[in-house]
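Respectively, the protein sequence lines represent chains A and B.
The opening position of the first sequence corresponds to residue 1 in my numbering, with each subsequent residue numbered one higher.
The opening position of the second sequence corresponds to residue 1 in my numbering, with each subsequent residue numbered one higher.
Keep in mind the hints are simulated off the structure, nothing from the lab.
Nothing here was measured: the structure is a model prediction, and the numbers come from that model.
Some hints here could point you the wrong way.
Unchecked claim - If you only want the chain A side, here are some residues facing chain B, beta carbon under 7 Å, derived:
# : residue
1 : Ala52
2 : Arg56
3 : Asn61
4 : His148
Positions of the beta carbon are idealized from the N, C-alpha and C atoms, including for glycine.
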Amino acid sequence: MMAVRTGLPAAFFLALVLSIIWPSPAISKPIVIDDSGTQALEPSVSMHWKSATPSRGAANNLMIGTTTIRVHLNVMPWLKHSGHIYLSLPAQAPGAISASWVAQGRFMSGQVHSGNRVLIYAGPISTAFLEDVLQFQFSVDGSLMQRHVPVNFHFEFDED
Amino acid sequence: MHDFLPTAPASLTSVTPAARTSRRALGIAGLLAVAAAHPAAAYTVTLTAAAPLTVYLQVGVGSFTNDYINGGQPENNTTINTVSATVAAGAVGNGTAQAMTTNSTATQSYWDGYTYCSVPGQLYIGGFYRTTGAATAAARVTATVPAALTNATGQTIPFSKIQWTSSGNGDTGAEPFPAGTFSNGGVQSVGAMSSNTWNESCWTFTYLNNTVPAAGTYTGVVLYTLSAP
Numbered sequence: 001m002m003a004v005r006t007g008l009p010a011a012f013f014l015a016l017v018l019s020i021i022w023p024s025p026a027i028s029k030p031i032v033i034d035d036s037g038t039q040a041l042e043p044s045v046s047m048h049w050k051s052a053t054p055s056r057g058a059a060n061n062l063m064i065g066t067t068t069i070r071v072h073l074n075v076m077p078w079l080k081h082s083g084h085i086y087l088s089l090p091a092q093a094p095g096a097i098s099a100s101w102v103a104q105g106r107f108m109s110g111q112v113h114s115g116n117r118v119l120i121y122a123g124p125i126s127t128a129f130l131e132d133v134l135q136f137q138f139s140v141d142g143s144l145m146q147r148h149v150p151v152n153f154h155f156e157f158d159e160d
Numbered sequence: 001m002h003d004f005l006p007t008a009p010a011s012l013t014s015v016t017p018a019a020r021t022s023r024r025a026l027g028i029a030g031l032l033a034v035a036a037a038h039p040a041a042a043y044t045v046t047l048t049a050a051a052p053l054t055v056y057l058q059v060g061v062g063s064f065t066n067d068y069i070n071g072g073q074p075e076n077n078t079t080i081n082t083v084s085a086t087v088a089a090g091a092v093g094n095g096t097a098q099a100m101t102t103n104s105t106a107t108q109s110y111w112d113g114y115t116y117c118s119v120p121g122q123l124y125i126g127g128f129y130r131t132t133g134a135a136t137a138a139a140r141v142t143a144t145v146p147a148a149l150t151n152a153t154g155q156t157i158p159f160s161k162i163q164w165t166s167s168g169n170g171d172t173g174a175e176p177f178p179a180g181t182f183s184n185g186g187v188q189s190v191g192a193m194s195s196n197t198w199n200e201s202c203w204t205f206t207y208l209n210n211t212v213p214a215a216g217t218y219t220g221v222v223l224y225t226l227s228a229p
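Can you make the complete structure from the sequences, with help from the hints?
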């Protein structure tokens with residue numbers, strides 16, 4: 001067994017791995033970035049009425065909540081390449097959600113509505129990981145809120 | 001990124017079946033390690049409704065930090081306002097309804113500062129309740145009414161001798177707190193509020209004055225309660 005292991009065709013594995021990391025250039029669909037190192041500093045986002053008082057026409061039922069998230073993106077596959085990184089907030093239940101954030105400098109601040117994505121980084125990838133601490137504010141209509149609402153977002157990479 | 005198949009490459013054909021199995025296992029392990037290092041992750045945060053139920057009822061004077069449209073927030077106000085009428089001796093019990101006046105100074109809506117009621121002839125009543133989720137049942141406003149007004153010697157005037165109309169400056173449509181007449185003791189509904197809406201009316205009270213009670217000052221306290229579902 002040991003002799004067999006020693007004889008593994010390493011070039012094959014390397015080639016296969018590379019084929020996984022760098023898909024065909026002809027396919028330009030965005031790639032979801034490994035953000036498994038990302039951490040929220042609070043376990044959940046407490047949502048409060050933006051205004052404790054409703055309007056006459058019930059047009060202002062906005063609830064808002066803030067949280068701090070340490071974003072940690074593994075961009076090793078694109079090391080020494082250039083590209084664009086987007087924060088994507090897919091359309092999801094229970095309905096329209098928006099998020100805005102203030103970055104600390106590594107990424108761009110911005111805001112996004114569900115079903116869209118927004119550029120947070122553009123340029124060369126010179127390190128294996130990109131990190132920043134984002135101060136998020138989530139907004140959702142109170143009529144859509146249940147006690148707990150999970151919100152998913154991810155980061156996408158478009159290589160130049 | 002994930003559409004690969006861990007098939008055995010041609011270079012493995014020269015090894016024994018046992019070795020092929022072993023290498024294939026290693027190959028799969030290696031590929032899985034790569035996949036684990038670059039998962040197509042989606043980050044999830046959980047939005048949690050915190051203290052979402054808010055209620056506010058104002059009968060007479062109330063308190064807001066500012067008008068709603070200027071970012072005002074409701075505050076507590078423990079003032080108990082009065083509504084009263086003084087009937088001239090010659091008019092007692094003559095059937096001519098007597099207009100009642102209030103010591104409340106509340107004329108403006110805390111929604112936008114609009115002068116909605118006129119004092120001393122009208123008593124402001126307004127409020128709201130907020131709750132999350134889809135539209136829910138309306139909140140109820142009730143009045144807990146004693147059986148009668150009483151004087152210092154225990155004589156009485158039934159509360160049902162007092163009624164009210166409802167309106168508001170520049171108002172249109174149905175009043176959230178409509179006209180009514182007090183019941184003689186008990187809890188009666190005096191209005192309702194749909195969730196997440198501002199509701200307000202101005203009440204004008206009258207004493208029916210169709211009986212002849214003993215002279216004196218008759219008083220009674222009505223307690224208004226907002227109950228959210």
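Hints versus structure:
no.: 1; hint: Ala52; verdict: holds (5 Å)
no.: 2; hint: Arg56; verdict: holds (5 Å)
no.: 3; hint: Asn61; verdict: holds (5 Å)
no.: 4; hint: His148; verdict: holds (5 Å)
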